[in-house]
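*Asks:* Chains as they are written, first to last, in the working numbering: chain F, 1 to 270; chain E, 1 to 425.
A few of these clues could be false.
These stretches of chain E come out as covered by chain F in the derived footprint (C-beta under 8 Å, 3 or more residues) [unchecked claim]:
| id | segment |
| --- | --- |
| 1 | 68-77 |
| 2 | 106-118 |
| 3 | 164-178 |
| 4 | 296-305 |
| 5 | 359-365 |
Calculated pairs, SDA-like style, for lysine to any residue (alpha carbon to alpha carbon, straight line, at most 20 Å) [to be verified]:
| id | chain 1 | residue 1 | chain 2 | residue 2 |
| --- | --- | --- | --- | --- |
| 6 | F | Lys-199 | E | Ala-26 |
| 7 | F | Lys-164 | E | Ala-26 |
| 8 | F | Lys-164 | F | Gln-186 |
Taking CB as the label site, the calculated pair distances span [as the list claims (entries may be wrong)]:
| id | chain 1 | residue 1 | chain 2 | residue 2 | range |
| --- | --- | --- | --- | --- | --- |
| 9 | F | Glu-35 | E | Arg-277 | 58 to 64 Å |
| 10 | E | Arg-147 | F | Leu-265 | 41 to 47 Å |
| 11 | E | Ile-265 | F | Arg-246 | 38 to 44 Å |
| 12 | E | Ala-9 | F | Ala-262 | 46 to 52 Å |
| 13 | E | Asp-164 | F | Arg-266 | 40 to 46 Å |
| 14 | E | Arg-147 | F | Pro-160 | 45 to 51 Å |
| 15 | E | Gln-324 | F | Asn-243 | 52 to 58 Å |
| 16 | E | Ala-128 | F | Ile-119 | 36 to 42 Å |
| 17 | F | Pro-160 | E | Glu-252 | 44 to 50 Å |
| 18 | F | Arg-266 | E | Arg-147 | 56 to 62 Å |
| 19 | E | Glu-252 | F | Gly-138 | 34 to 40 Å |
| 20 | F | Pro-62 | E | Arg-277 | 31 to 37 Å |
Rather than coming from a laboratory, the hints here were simulated on the basis of the structure.
Note that CB positions come from ideal geometry on N, CA and C, so glycine has one too.
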Amino acid sequence: MSAIGAVFSHCREAKRAAFIPYLTGGDPDLETSAELLEALAAGGADIIEVGVPFSDPIADGPINQRAAVRALEAGATLPGILEMIARIRARVDTPMVLFSYFNPLLAHGLQTVAEQAAISGVDGILCVDLPPDEDDGGFRDFCRSAGVDSIYLLAPTSTPERVKLVAAASSGFVYYVSRTGVTGVQKDLSRELQREVKKIRRRIDLPLAVGFGISSPEQVAAVGKVADGVVVGSALVRVVEENRGRSDLPELLAAEVERLAAPLLRSRRR
Amino acid sequence: MRKKSDQRAGYFGPYGGRFVPETLMAPLGELARTYDQVSRQRKFQRRLKDLLRDYAGRPTPLYFADRLSSTLGGVRIFLKREDLLHTGAHKINNAIGQALLAEHMGKGRIIAETGAGQHGVATATAAALLGQSCTVYMGEEDMRRQRLNVDRMRLLGAEVVQVDAGSRTLKDAINEALRDWVTNVRTTHYVLGSVLGPDPYPRMVRDFQRVIGQETRRQLRKQTGQDWPHLAVACVGGGSNSIGLFSAFLEEPRTRLIGVEAGGIGEELGEHAARFRGGRTGVLHGTRTMVLQDRHGQIATTHSVSAGLDYPAIGPEHALLHEQGRVEYTAVTDAEAVEAFHLLAATEGILPALESAHAIAEAVKHACHLSSKKVVVINLSGRGDKDVESVLEYDANKSGSKRDEAKASRHPAETWKNVVWGGDR
Ligand SMILES: Cc1ncc(COP(=O)(O)O)c(C=O)c1O
């Protein structure tokens with residue numbers, strides 16, 4: 001079983017959902033970013049998602065767009081981010097998932113990316129604009145050979161056939177996008193979300209993590225009741241944005257992770 | 001040749017595809033199915049044809065540009081007058097087609113991106129015509145340099161949203177339109193303005209623009225007795241006006257086809273939008289194609305005096321046509337395009353769009369090498385009203401240097417004569 005699979009089975013035994021925070025790699029710079037990823041682990045992350053900044057992030061809202069701009073202006077690259085992950089691997093054993101757009105992966109060569117990611121200690125790769133239908137370059141196979149999980153997305157618009165296709169292509173877990181829309185924070189989750197998640201969970205064997213727009217402990221609690229994992233991104237990226245430059249940013253961030261993840265530790269599922 | 005390469009649905013050889021977030025996968029599938037179905041229906045085709053004729057003004061003339069031809073040494077140059085269409089560019093062919101499709105799908109809201117503003121104006125127009133609500137995304141830089149079109153869109157009832165991200169041009173407008181579409185896909189149709197983006201857009205937009213080439217063929221037969229030109233030239237932004245013209249002659253080996261990209265102000269990344277000079281295979285906005293990018297796969301910024309050509313990727317079908325060698329792709333600089341703008345104004349009394357001026361500049365380079373019996377077709381994709389300010393600004397900035405002053409003092413056509421007869425090439 002992969003490290004990611006082990007986390008989910010551990011959480012299942014503990015009758016709770018996994019907490020999966022996201023940050024953009026290299027934001028505000030690579031050195032600080034390394035400290036921030038460690039802070040996520042210290043705060044209680046079960047799995048960490050690391051974004052690869054891209055110049056044209058069509059699936060991201062303003063908060064993550066600005067993070068990508070900061071990271072790119074500070075010189076972040078895919079090799080730089082992998083190096084950073086390799087460096088903190090000595091101290092952090094929380095599984096890590098790369099969250100990328102396809103073009104930066106293509107530019108470095110799909111086989112090279114899969115192999116270098118594995119060497120750096122990356123456990124899974126999620127490519128937001130590479131649906132399994134288009135994976136003719138064999139990226140999935142390269143990842144499998146390297147021992148890296150391939151995570152694909154489902155969305156409220158996915159048809160039953162696509163649910164099947166995505167589940168068959170994925171390993172580690174499947175990522176359900178909570179709404180039609182881009183990443184960001186939102187006040188209210190859609191009313192159908194819980195029902196949708198339950199429905200999809202019945203159809204697939206892999207764990208199902210839910211993300212996009214989840215930004216408060218109440219929302220984490222609500223999603224945690226029905227999903228195997230809860231992803232929080234923009235809400236944490238915003239903490240980085242608003243407090244960058246402060247020397248206690250890692251502590252602030254760890255505290256925020258603790259606050260957001262707390263409901264999962266408290267409310268055990270039946 | 002073409003049939004075989006279209007083998008994989010949505011692909012042109014290795015180019016094309018649907019590289020989009022999952023949220024858009026099912027809607028794109030539905031759009032493709034609906035398009036395939038509806039485009040075969042007589043009723044839909046008749047409605048489209050009627051609107052293109054009675055509302056948009058098709059067929060557009062194929063005009064023999066006599067004075068331009070003799071200025072350039074006698075080769076017979078014909079202009080396909082897409083600039084005479086309602087709203088002033090070929091973009092309306094596609095906008096009406098897609099707005100009708102949106103109506104058929106029961107989507108009352110349409111959105112679009114725009115660079116030069118012509119596609120935005122065309123979409124706003126089609127929306128008003130069909131009673132749809134319309135939002136257009138436009139980069140801040142383009143809103144500044146194509147201000148006339150911003151005002152036109154607003155007067156037509158469209159909401160124009162300024163995009164301040166990235167290079168503040170067409171690429172960033174498409175990003176924002178895609179974000180809107182991901183969010184509102186259930187109620188909204190995205191009217192993409194060129195042969196770009198995920199399948200079915202590249203083939204759908206091409207099909208709506210085919211009418212340019214079909215008419216040209218008929219008109220050539222009537223006007224010259226021969227239904228093909230020796231040379232056809234068109235500018236290539238995303239590639240819709242060019243593919244519209246070229247598609248009628250791809251199987252005609254005697255026709256040389258040239259697509260003209262924006263050469264901007266230099267050869268360095270960031271100074272031009274010539275994807276076949278310095279671009280690599282990549283994925284942008286849902287399609288695999290030639291993309292200007294750095295070695296880490298970050299999309300490069302581009303430059304062109306012409307907002308409609310200022311984009312880092314090219315339609316996937318063009319990537320294949322380039323690979324097959326069927327179409328040649330060249331680049332024309334800002335300076336050459338502006339000079340061609342003046343040339344057409346002076347010789348024919350036509351102000352071309354700066355996009356189209358790139359095609360004219362390229363044709364000029366070939367004219368002196370062709371005998372006077374040869375037929376050249378230039379796609380005059382749009383009119384230049386929107387570019388009047390840009391050209392005046394360009395000329396004002398340029399008239400600093402002595403060399404340029406000397407040039408400016410001559411009649412623009414004279415300048416071209418010297419370039420051409422001087423055996424510059
Ligand atoms: C007049 C005109 N010509 C050409 C273009 C370039 O687009 P395409 O290559 O799709 O024809 C534009 C785009 O804005 C335009 O307005």
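*Asks:* Hints first: check each against the structure and report whether it holds.
*Replies:* The hints, checked one at a time:
{"no.": "1", "hint": "68-77", "verdict": "violated (count 0)"}
{"no.": "2", "hint": "106-118", "verdict": "violated (count 0)"}
{"no.": "3", "hint": "164-178", "verdict": "holds (count 6)"}
{"no.": "4", "hint": "296-305", "verdict": "holds (count 4)"}
{"no.": "5", "hint": "359-365", "verdict": "violated (count 0)"}
{"no.": "6", "hint": "F/Lys-199 with E/Ala-26", "verdict": "holds, 18 Å"}
{"no.": "7", "hint": "F/Lys-164 with E/Ala-26", "verdict": "holds, 13 Å"}
{"no.": "8", "hint": "F/Lys-164 with F/Gln-186", "verdict": "violated, 29 Å"}
{"no.": "9", "hint": "F/Glu-35 with E/Arg-277: 58 to 64 Å", "verdict": "violated, 42 Å"}
{"no.": "10", "hint": "E/Arg-147 with F/Leu-265: 41 to 47 Å", "verdict": "violated, 57 Å"}
{"no.": "11", "hint": "E/Ile-265 with F/Arg-246: 38 to 44 Å", "verdict": "holds, 43 Å"}
{"no.": "12", "hint": "E/Ala-9 with F/Ala-262: 46 to 52 Å", "verdict": "holds, 49 Å"}
{"no.": "13", "hint": "E/Asp-164 with F/Arg-266: 40 to 46 Å", "verdict": "holds, 42 Å"}
{"no.": "14", "hint": "E/Arg-147 with F/Pro-160: 45 to 51 Å", "verdict": "holds, 49 Å"}
{"no.": "15", "hint": "E/Gln-324 with F/Asn-243: 52 to 58 Å", "verdict": "holds, 54 Å"}
{"no.": "16", "hint": "E/Ala-128 with F/Ile-119: 36 to 42 Å", "verdict": "violated, 58 Å"}
{"no.": "17", "hint": "F/Pro-160 with E/Glu-252: 44 to 50 Å", "verdict": "holds, 47 Å"}
{"no.": "18", "hint": "F/Arg-266 with E/Arg-147: 56 to 62 Å", "verdict": "holds, 57 Å"}
{"no.": "19", "hint": "E/Glu-252 with F/Gly-138: 34 to 40 Å", "verdict": "holds, 39 Å"}
{"no.": "20", "hint": "F/Pro-62 with E/Arg-277: 31 to 37 Å", "verdict": "holds, 34 Å"}
In summary, the numbered hints that this structure violates are 1, 2, 5, 8, 9, 10 and 16.
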